[in-house]
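J.: Taken in order, these protein sequences are the chains called R and E. Here this note's numbering is used: position 79 in the first sequence is 786, and no number is missing along the way. Here this note's numbering is used: position 21 in the second sequence is 337, and no number is missing along the way.
The reader is advised that the hints may include incorrect statements.
Pulled a few chain E residues facing chain R out of the computed Cβ check, cut under 8 Å [stated by the list, open to error]: (1) Tyr350; (2) Ala361; (3) Leu364; (4) Glu368; (5) Pro373; (6) Pro377; (7) Tyr405; (8) Tyr409; (9) Asn413; (10) Thr414; (11) Trp415; (12) Val416; (13) Phe417; (14) Gly420; (15) Thr424.
None of these hints come from the bench; they were simulated from the model. Given the structure is predicted, the values throughout are model-derived calculations rather than measurements. Quick reminder that beta carbons are idealized off the backbone N, C-alpha and C, glycines included.
Chain by chain, the residues run as shown.
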Amino acid sequence: QVQLVESGGGVVQPGGSLRLSCAASGFTFSSYHMHWVRQAPGKGLEWVAFILFYGSHEYYADSVKGRFTISRDSSKDTVYLQMNSLRPEDTAIYYCVKDSGAWAFDQWGQGTLVTVSS
Amino acid sequence: QSALTQPPSASGSPGQSATISCTGTSSDVGGYNYVSWYQQHPGKAPKLMIYEVTKRPSGVPDRFSGSKSGNTASLTVSGLQAEDEADYYCSSYAGNNTWVFGGGTKLTVL
Chain R
708 QVQLVESGGG
718 VVQPGGSLRL
728 SCAASGFTFS
738 SYHMHWVRQA
748 PGKGLEWVAF
758 ILFYGSHEYY
768 ADSVKGRFTI
778 SRDSSKDTVY
788 LQMNSLRPED
798 TAIYYCVKDS
808 GAWAFDQWGQ
818 GTLVTVSS
Chain E
317 QSALTQPPSA
327 SGSPGQSATI
337 SCTGTSSDVG
347 GYNYVSWYQQ
357 HPGKAPKLMI
367 YEVTKRPSGV
377 PDRFSGSKSG
387 NTASLTVSGL
397 QAEDEADYYC
407 SSYAGNNTWV
417 FGGGTKLTVL
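Just chain E, with the same shape it has in the complex:
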């Protein structure tokens, strides 16, 4: 149950795009299409933004998109807005009814 690897920080200017990577192994990210992404603002509970690699829950703007290649998943935020500034966490199903999270990425809107 080793944590997934995310960059500690990412940034972009308003209106631009930012991409956050999430690297695991063939036992988690690469082995299942159950990667999800969470947004967390300071002092708040996390919010589900992407599930099953590419799917968006109702109410999440289509500016948020997910993808996966091999053992690395990515979250892309297009048309950055000030309210997108937050911490983002990836998670993956890791088999045997266990899950693993990434260490988190602080997204800054410049």
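Chain R extracted, bound-state conformation:
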């Protein structure tokens, strides 16, 4: 079955950096687009970033553009989220999500918590 396992979350000071990883299994990773979606504590879902299956194009929410970078390594079946210049408002659970092929989010990881605080 499909598994998405995030790692790399933790506590970081404002202005700091963190790199999240998501190891995928149970499907042909190189054939699917991937997303990152986040959820601040007690709040709703927010789409963060998207990368095409062939990895050459990335897209971002305005709130993270210029600070976050999504990438993927099909040799490792892994997608990454490099987060720089972190702000307290970036505090959230970050979910790695597989695109269904029909512009929907059909498989979700368990999430990894990022806390930005001094």
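Got chain R; can you put chain E on it based on the hints?
T.: Leaving out everything else, chain E in the frame of chain R:
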């Protein structure tokens, strides 16, 4: 990239129906047939319930149905059961490879 508008809460008695609305603009909900709905129980990851406005993934009960009219999409849960109590989020493709979510609706089964 403004969030879609959902009511904060909805409710219904067991066996009855509940409908949750999701209002966007012609740049998202009204412009594409790529509206999806997600169910999230406390402490769990979201689960896809409806995609492409009306389609149900394998394993989702047919008690869940979706529709759209203009800039507003709706999720209807028929024959409410206790396990349907959860938060529900709508999402829409918003063009240029971007997506937007609604603020979420807490569904209570009375």
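J.: Evaluate each hint against the coordinates.
T.: Tested hints:
no.	hint	result
1	Tyr350	holds, 4 Å
2	Ala361	holds, 4 Å
3	Leu364	holds, 5 Å
4	Glu368	holds, 5 Å
5	Pro373	holds, 7 Å
6	Pro377	violated, 17 Å
7	Tyr405	holds, 5 Å
8	Tyr409	holds, 4 Å
9	Asn413	holds, 4 Å
10	Thr414	holds, 6 Å
11	Trp415	holds, 4 Å
12	Val416	holds, 7 Å
13	Phe417	holds, 4 Å
14	Gly420	holds, 4 Å
15	Thr424	violated, 17 Å
Taken one by one, the earlier hints fail for this structure at numbers 6, 15, listed in ascending order.
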